[in-house]
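The listed protein sequences derive, respectively, from chains A and B. The opening residue of the first sequence carries number 2 in this note's numbering; numbering runs sequentially from there. The opening residue of the second sequence carries number 2 in this note's numbering; numbering runs sequentially from there.
It is worth saying that the hints were derived from the structure and are not from the lab. Only true hints are included.
Any copy will do: because identical chains look the same in the list, a pair fits if it lies in one copy or spans two.
Below, computed lysine-lysine pairings styled on DSBU-like, alpha-carbon distance capped at 35 Å: (1) 45 to 62; (2) 45 to 10; (3) 45 to 8; (4) 62 to 6; (5) 62 to 8; (6) 10 to 62.
Chain by chain, the residues:
Protein chains: 2
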Amino acid sequence: GDAEKGKSKSATCAACHGANGISMIPMYPNLAGQKEQYLILQMKAFRSGDRQNMVMAPMAKGLSDEDINDLSAYYAGLNPGG
Amino acid sequence: GDAEKGKSKSATCAACHGANGISMIPMYPNLAGQKEQYLILQMKAFRSGDRQNMVMAPMAKGLSDEDINDLSAYYAGLNPGG
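Chain A with its partners taken away, still in its complex shape (with noise of 0.2 Å):
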C-alpha cells in the first residue's frame, strides 16, 4: 500500500490508535512498526466479521482493499517506540 495515502486516511483511526500509531487507551493495541500483512488480515476480518469488534466493525465497514492496504503500509512504516 501507500503509507502517504494512508496517512490522509489515518485520522479517524488516530482517535483511539493515537497520532503516531501508540494507542493512550490500555484495550485499543498500538499499531505503530506493527507488520503490514498482520494489520491488513486484521482489517479485513473485522470488515468481513470473521473478527468481531463494536467498535472496529463500523470504521471496517467502509475502508476498501485499497484503503486497507495504504493504512497497513503506513502504521507498519511508523516507529514502534512512537
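On the provided structure of chain A, position chain B as indicated by the hints.
Below, chain B without anything else, positioned relative to chain A:
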C-alpha cells in the same frame, strides 16, 4: 502479571512471535511493547473462542488467568523496537 514468570512461560510463543517479541512471520503480530490490557483481552478471547484463530486456539486453551497476566506483562515490557 509477573513479567519474569511470563518470560519462563513464553518458549512456545517465541517460536512465532520471536524471542524478543518481534515476529519473523509477516502474518503474525509483533507483541513487544504492546498494551498489556490488550494482550490480556486477546488471549482470553482466543481461549474462549470469541476471537477465532486455528493456531492460537490450542495455544490459549491451556493458559490460566495467571499465565495470561504474566505473559502479557512480559510482552508489554519488551522493547517495541526489538
